[in-house]
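2 protein chains.
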Amino acid sequence: MYVTFDSDLLSRAPAIPLPGTAASGPLRDHQVRLKAGQFLFHQGDEARTIYRVSEGVLRLSRVTERGHEQVIAFGYPGDILGLPVRGLRNTDCDALTPAVLTAIPAHLPETSSGGAAEATFLAAAALWEIGAMQEHLTTLGRTSARERVASFLVVLMRRVGTRDDTGLHIELPMSRADIAGFLGLRTETVSRAFTDFRQSGLIALPSAQHVTVLKPEALADVAESD
Amino acid sequence: MYVTFDSDLLSRAPAIPLPGTAASGPLRDHQVRLKAGQFLFHQGDEARTIYRVSEGVLRLSRVTERGHEQVIAFGYPGDILGLPVRGLRNTDCDALTPAVLTAIPAHLPETSSGGAAEATFLAAAALWEIGAMQEHLTTLGRTSARERVASFLVVLMRRVGTRDDTGLHIELPMSRADIAGFLGLRTETVSRAFTDFRQSGLIALPSAQHVTVLKPEALADVAESD
DNA sequence: CGCGTCTTTGAGAAACATCAACAGCGGTGG
DNA sequence: CCACCGCTGTTGATGTTTCTCAAAGACGCG
Numbered sequence: 001m002y003v004t005f006d007s008d009l010l011s012r013a014p015a016i017p018l019p020g021t022a023a024s025g026p027l028r029d030h031q032v033r034l035k036a037g038q039f040l041f042h043q044g045d046e047a048r049t050i051y052r053v054s055e056g057v058l059r060l061s062r063v064t065e066r067g068h069e070q071v072i073a074f075g076y077p078g079d080i081l082g083l084p085v086r087g088l089r090n091t092d093c094d095a096l097t098p099a100v101l102t103a104i105p106a107h108l109p110e111t112s113s114g115g116a117a118e119a120t121f122l123a124a125a126a127l128w129e130i131g132a133m134q135e136h137l138t139t140l141g142r143t144s145a146r147e148r149v150a151s152f153l154v155v156l157m158r159r160v161g162t163r164d165d166t167g168l169h170i171e172l173p174m175s176r177a178d179i180a181g182f183l184g185l186r187t188e189t190v191s192r193a194f195t196d197f198r199q200s201g202l203i204a205l206p207s208a209q210h211v212t213v214l215k216p217e218a219l220a221d222v223a224e225s226d
Numbered sequence: 001m002y003v004t005f006d007s008d009l010l011s012r013a014p015a016i017p018l019p020g021t022a023a024s025g026p027l028r029d030h031q032v033r034l035k036a037g038q039f040l041f042h043q044g045d046e047a048r049t050i051y052r053v054s055e056g057v058l059r060l061s062r063v064t065e066r067g068h069e070q071v072i073a074f075g076y077p078g079d080i081l082g083l084p085v086r087g088l089r090n091t092d093c094d095a096l097t098p099a100v101l102t103a104i105p106a107h108l109p110e111t112s113s114g115g116a117a118e119a120t121f122l123a124a125a126a127l128w129e130i131g132a133m134q135e136h137l138t139t140l141g142r143t144s145a146r147e148r149v150a151s152f153l154v155v156l157m158r159r160v161g162t163r164d165d166t167g168l169h170i171e172l173p174m175s176r177a178d179i180a181g182f183l184g185l186r187t188e189t190v191s192r193a194f195t196d197f198r199q200s201g202l203i204a205l206p207s208a209q210h211v212t213v214l215k216p217e218a219l220a221d222v223a224e225s226d
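Protein chains in written order, with our numbering: chain A, 1 to 226; chain V, 1 to 226.
In short, the hints are calculated from the structure, not lab data.
Take these hints with a grain of salt, some might be off.
[What the hints assert, rightly or not] Rough simulated footprint, nothing fancy, chain V against chain A, three-plus residues with beta-carbon under 8 Å:
#1 58-65
#2 79-91
#3 125-133
#4 138-150
[Unchecked claim] Using C-beta positions, here's what the derived DEER-type ranges look like:
#5 V:Thr-64 x A:Arg-192: 16 to 26 Å
#6 V:Ala-208 x A:Gln-43: 29 to 39 Å
#7 A:Ala-204 x V:Gln-31: 56 to 66 Å
#8 V:Gln-31 x A:Glu-188: 49 to 59 Å
Every residue gets a Cβ at the ideal spot worked out from N, C-alpha and C, and that includes glycine.
Generate coordinates for the entire structure from the input sequences, incorporating the hints supplied.
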């Protein structure tokens, strides 16, 4: 008796409890505030803490030798960011909107002693991240641009979509170039996919950063079609 | 000692020590042997242990609704397989060659108490895996088929390539379809990339499963060109 | 040796990238 | 408050790449 992964992985916000210091007082002291465009860390920085997003949206990216930017992930509230690989940040991270984050100590103890709660938390967060990345890999494995864009929208719709009397809304704080970099496409192709969905009646685009999903099921069909 | 690792991620075999039960006796009891084609686990299985590959090559894959197979990773000796997501296997895993694996207990304790060594090990393995997956994401973000195939060959070359007096050899126990599924391409496209490299003098193909790298630097250049 | 499977090759169609120009929007300064 | 300017996003036309469909060759296995 288990649920299909797709659905569960998409709503991961409150899944991982913070390390067992719940009684140690408010975490205000460890909060970080970022303005849009500010960097939280850079690739190669030494990593002693990780972050949980409280508010805002962040972008994790890597830059190849020739300057091509690959977007690894977007960080939404509830997400854990900055998991260290060999003790170092593995990506750049900057804020797409004003953001508030909670810093969590997360250095792996050299000895196996001590920090059991931390290690457990780290492991849980990392395993969660792996699941999300595998989902993303599956998305990138799909060859069609429309499928990738539709999949992207469906994920956002389920995670951060808001429904009111006018429809199901998604805000897109990232640029088309960011979306393209995330999906392995070009900005023009992403734009054309949006236009295609709009002309097909699947979505409306009140503005470039605001998507109204008119036919969620149809959009999901596009995303999951072979 | 010939290899120069661009990234430490490529030589991850001996990086993560087993949990702190080194004195608890030989691990023979926990070894698993698989024949080629046998499954180690399936997506959705409950996961109480993880595995470290001792010998052989395994394939981790997921199957979409419509039967399209996405290969998530290949498991080579030293790799950790089967990290649980929400306590369940997130992929299928089957052996491409006869394989020997060591089972490692790795259930995250519900309470934060106990299993500090296990949690630390799990966290280290998971973080390592994240780094590897981010590398792969960067590869998939590249648009060109030849770049992806070249990148794939370079990674294998550095991890499992063997040099003798006749050249630098790579065995490919996986099919072209597996490689295609891993890189988000079609088998024909993968085959054409191999042919292209062969005609360009970068590699030789004594058989479909045996690659001899003639110009490693040139191949790496193809892999990392924008 | 025959057979099925995997790989390679070919020709054609479709998709995406590229190059280029325009529109829309927000911000700035007059 | 409005005009201007720059940036992002959109649209169009063209070229390249890859996918698709098809068939022949190579290889391993019984």
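Structure-based check of each hint:
1. 58-65: holds (count 3)
2. 79-91: holds (count 6)
3. 125-133: That given contact holds, which follows from 7 residues of the stretch 125-133 of chain A lying within Cβ reach (below 8 Å) of chain V.
4. 138-150: holds (count 5)
5. V:Thr-64 x A:Arg-192: 16 to 26 Å: Between Thr-64 (chain V) and Arg-192 (chain A), where Cβ atoms are some 24 Å apart, the hint holds.
6. V:Ala-208 x A:Gln-43: 29 to 39 Å: 37 Å, holds
7. A:Ala-204 x V:Gln-31: 56 to 66 Å: The hinted range 56 to 66 Å holds for Ala-204 (chain A) and Gln-31 (chain V), with Cβ atoms some 58 Å apart.
8. V:Gln-31 x A:Glu-188: 49 to 59 Å: 53 Å, holds
Hint compliance for this structure: no hint is broken.
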